[in-house]
Amino acid sequence: MATPITAGAVAGEYMETLVIVEWRVGVGDTVAEGDVLLTIETAKAAVDIEAPCAGVVSAIFAEADSEVPAAAVLCLIGTDSSDVDYDGGETPTVESGLSSAPATVAVAAGGAAEAPRAAVTSGRVLASPAARRAASSAGIDLRAVRASSPSGRIKLRDVAEASQRAPLFAVQAPVDLPADEHGPLKVHRSGTASGTPVFLIHGFASDSLSWYPLDRHLAKNHAVYRLDLPNHGASPKRQVGSFANLVREVREAFDALDLDGAHVIGHSLGGALALALADTRPRKVASLALFAPGGLGPRVNGDFIGGIARASRPGSLEAWLKVMVHDQKLIDPAFVNAAFAARADAELRAAQSHMGETLFADGTQSFDLAAALQRLECPTRIVWGRRDRVLDWRGALQAPGQVGLHLLPDVGHVPQLEAPDLSLGIVTALIKSV
Amino acid sequence: MLNAPSTDELKDIHHKMVVTRELEEVLGAYAKEGKTRGPIHRCDGQEAVGVAACAALRVDDYVCTTHRGHHVYVGKGLTARGIVAEIFGRETGYCKGRGGHMLLGDVKTGMLGGNAIVGAGIPAATGMALSMQILKQDRVSMVVFGDGAAQTGICHEAMNIAGLWKLPVIFVLENNQYGLTVRQEVQSPVEDLSIRAAGYAMPGEIVDGNDAEAVYRAVAAAAERARRGEGPSLIEAKTYRVKGFSTSDMGGYQSEEEMAPWLDRDPIKLSAEKLVALVGADTVAAIEAAARAEVAQAFETALSDPFPTFEIHAPSAAYSETK
Amino acid sequence: MTLMRYAEALNAALREEMQRDASVFLFGEDIGRYGGVFKVSKDLRDEFGDARVRDTPISEQALTAMAVTAAMSGTRPVLEIMYADFLPLSLDALVNQASVFTYLWEGQVDIPFVLRTQGGGGVGTGAQHAKSLDAMVCHIPGIKVVAPATPADAKGLLKSAIRDRQPVVFLEHKLLYNTRGEVPDGDEVLVPIGKAKTVVEGKHVSIFASSKMVIEAENAARLLAKDGIEAEVIDLRTLRPLDLDAIRQSIAKTNHAVVVNEGWTFCGYASELSATIMEHCFDDLDAPVARVAMPDMAIPYSEPLEMAVLPNAVKIAAAAKKALA
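Protein chains in written order, with the working numbering: chain S, 1 to 434; chain H, 1 to 323; chain F, 1 to 325.
Warning: the hint list may mix true and false statements.
[Claimed, not checked] Counterexamples of contact, computed for chain S against chain F with all Cβ distances above 10 Å:
no.	residue
1	Arg133
2	Gly241
3	Arg251
4	Gly306
5	Phe335
[As the list claims (entries may be wrong)] Computed cross-link-like contacts, DSBU-like style, restricted to lysine-lysine with a CA-CA straight-line distance of at most 30 Å:
no.	chain 1	residue 1	chain 2	residue 2
6	H	Lys166	F	Lys42
7	H	Lys136	F	Lys39
8	H	Lys166	F	Lys39
Honestly, the hints are just simulated from the structure, not real lab data.
Don't be surprised by glycine CBs; every beta carbon is placed ideally from N, CA and C.
All chains should be built: construct the whole structure from the sequences, respecting the hints.
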């Protein structure tokens with residue numbers, strides 16, 4: 001019996017369809033649990049779908065660039081490449097008692113399996129009334145609950161399971177910091193094998209998926225490496241101690257890739273780290289693009305840092321996501337859903353909260369990279385929104401003359417999301433200029 | 001004469017026939033003005049059948065009738081005021097406005113209902129008679145039904161059972177010649193429906209339905225027979241429906257030539273002639289004036305009576321499961 | 001307690017009520033000298049005479065109409081309609097007479113009559129003698145409908161029905177007449193109309209059934225137990241008025257409902273149960289209510305065909321599993 005792979009809760013309550021961006025595997029590939037199978041696009045977010053179990057990809061039902069129903073089965077992971085039977089995969093038969101012919105009644109007596117609901121889904125989260133009531137009273141967002149029933153409908157047991165997995169922040173004791181995990185940081189690779197490498201470092205409380213608006217285009221011509229910071233995405237959770245330690249971890253991950261002349265792009269905290277990386281590995285960094293970078297002034301929105309790291313419900317997360325951008329319409333339910341799906345793990349949130357307190361104690365950026373900025377040798381551009389409510393864009397003004405500044409009107413803290421075409425153009429021009 | 005009504009009974013019959021006629025005429029006037037609700041089925045010209053048949057029964061005998069049963073209502077002793085109030089949907093009506101003019105019932109007077117399912121009264125009266133027989137009572141039941149109802153299957157079933165078990169029931173077939181718009185000869189292969197009685201081993205008799213005394217005598221004889229335990233009787237009272245099927249009837253199928261002799265033999269006219277000879281014209285005029293005054297008073301009172309208030313399903317438990 | 005067959009329990013109820021109340025009488029086809037084709041009125045004619053235990057002509061329409069007005073006139077008739085399939089012949093009396101006058105003449109008359117009949121398939125009686133028309137009579141306001149599954153309930157409910165002020169349609173099942181069960185002793189042991197009974201306790205799924213389907217539901221519960229599923233079986237006993245409290249309590253516990261009825265599916269009794277549960281228990285439901293009922297077709301004669309259409313334990317268990325999946 002093969003395991004059907006769907007987008008699950010990632011495909012949001014309001015989503016009817018999703019776009020297959022890229023398959024990372026092919027039929028016959030052996031995968032381990034946690035391996036990325038494909039990337040999908042939901043609204044403005046890209047999400048990697050990982051293998052929930054080890055096995056062999058036995059079928060792929062949707063091609064890259066195609067748009068499919070949100071609940072569609074995307075591929076199968078079987079015991080081997082011929083294992084393509086799965087629950088819900090049969091042709092639906094007439095339901096018991098409703099048939100007009102005795103022959104089908106006899107079949108139905110055995111219990112007809114329910115077909116995958118893909119074709120009829122309205123995009124609304126499917127949940128039983130009892131599950132809805134239980135989720136509502138426990139403050140659990142159904143978008144973050146996985147349905148275990150072959151009907152695709154969230155049932156009471158799923159809510160109970162979810163409430164144990166991701167209890168409501170407000171009513172439950174703070175999650176203890178997880179024990180430090182070991183191992184290297186996770187680097188996601190996509191794009192061409194031969195193109196100039198691009199190394200992407202995301203910001204605080206984000207993860208490598210946030211690069212999707214740039215990544216999807218850069219990957220056409222470049223080998224793209226997207227780093228997950230510690231306590232973020234798929235990287236280990238461990239106390240970072242200090243900004244200097246964090247820089248060391250990023251450098252180790254970068255060095256391990258042994259890239260020759262990478263274009264490094266960083267956002268926010270990732271911008272500060274990119275700057276530090278370029279400062280310490282000047283010959284390995286071909287160019288530097290800093291999106292709303294940290295470390296250029298002490299001021300930081302401390303409420304934002306604490307709030308977004310702690311947010312245990314889509315509703316509270318949404319409020320902080322809206323602080324990040326200028327155009328509030330960008331933060332639609334699908335975006336929130338996708339962002340929350342990446343943050344459903346309470347331990348991850350606890351680890352990030354702790355990391356935020358470490359790096360931004362007293363609501364202050366205790367690391368200062370102004371000097372590093374002055375020392376830069378590679379072509380560098382800073383892209384910053386003048387409506388940034390997280391970091392003060394005026395920090396860019398201390399850049400030396402050779403650094404290009406793009407100070408965007410009506411853009412907030414995330415230019416690559418808020419002005420994707422312009423951001424891409426700036427990056428592309430920068431890379432070409434090298 | 002055997003089973004003949006007394007003079008007082010004839011006066012009472014005449015009074016009730018005039019009440020019925022007046023009721024029909026005033027109702028007709030209200031209907032014309034659009035002030036009645038739903039159809040009204042008038043029994044003008046048929047008063048003798050219902051009134052005189054009921055007059056031959058005891059108060060504790062049961063009757064049921066058709067959708068055209070005002071003469072039976074009045075004949076069995078219901079007041080004009082209660083009837084009018086029911087027809088105008090008032091709280092003071094016999095069924096508090098729930099029944100309307102066709103489904104009116106009053107158990108106290110033994111009037112177990114008009115019935116608008118054609119033929120339904122026939123097994124109804126038979127069932128009442130079954131109870132009376134089982135309880136060994138000397139009561140009888142009677143149904144007034146039409147020539148249309150005589151063609152239903154249930155008429156055969158009920159009469160067969162009544163004859164078989166010798167039930168104390170009187171079948172008064174009020175042959176007014178029409179089932180809605182269709183004449184009796186288009187509905188039945190025989191002209192005299194009373195001949196069917198032979199098939200149920202009961203006496204069948206034809207009477208002049210416009211002659212109140214004839215109807216009374218036939219019913220009184222049938223009641224005696226039933227009380228003696230000798231079983232049911234079928235009395236076919238020939239009459240004529242002079243005002244169409246109902247207030248919604250467009251007419252056009254009853255000719256003046258056909259109607260003229262029946263109008264000429266109006267049952268109230270015949271009754272008045274007979275009564276004038278017995279008690280004098282003044283007394284008859286006084287009876288008629290009293291009857292008209294009674295009806296006028298009934299309309300005046302009933303129309304100012306309150307409407308009922310709606311209560312869902314109360315208090316019949318089986319109506320609703322909602323708690 | 002006495003071990004009795006279902007038919008014997010009904011017979012005992014009739015005898016006791018006729019002894020208790022001289023206004024109770026029985027009539028119907030073949031019920032007198034022969035004692036009824038299912039022997040429910042066995043020996044009663046000998047005991048009470050042919051005035052109170054009457055064989056009748058084949059005249060279901062008139063007999064039912066007569067029962068209504070006899071009941072209005074001081075007696076308590078118990079009419080036997082031999083097969084539920086003949087109920088359509090009784091419908092005018094139920095729809096246009098009995099139910100109408102309980103309301104129109106509220107307070108003027110009681111209509112205490114019982115219409116006993118039996119339905120259900122399984123023995124090759126064919127399309128005109130095997131139906132369950134529960135829904136057809138349950139549709140009519142002002143009429144109570146009971147459908148006992150056990151000899152004890154058959155006796156206790158029939159006694160209650162005979163004593164009721166209103167018309168009661170009493171639905172028996174041809175395959176239940178020979179089933180045995182303990183019946184409490186005593187003339188005054190009544191089972192109230194309108195009260196369901198939990199016959200199997202469970203916590204995972206509630207199965208609502210009546211008449212013979214209770215036995216199928218109990219068997220389904222045994223099948224489900226093998227898979228670790230604890231089904232609760234509720235014997236409705238009275239189809240109308242429904243015991244809503246019992247339904248609510250069970251679903252509040254199990255969050256899953258399977259409704260079973262041997263009648264047709266479309267607009268069937270199971271459909272009414274489903275809608276009622278939807279209205280009253282919606283927020284307790286963890287899965288759609290599952291209907292198990294007869295397919296919408298004439299009941300075929302040949303054994304494998306008839307068995308294929310009848311609801312049974314396997315179909316009930318499958319529906320329960322699907323609801324729980």
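* Asked: Can you list which hints this structure breaks, lowest number first?
  -> 1
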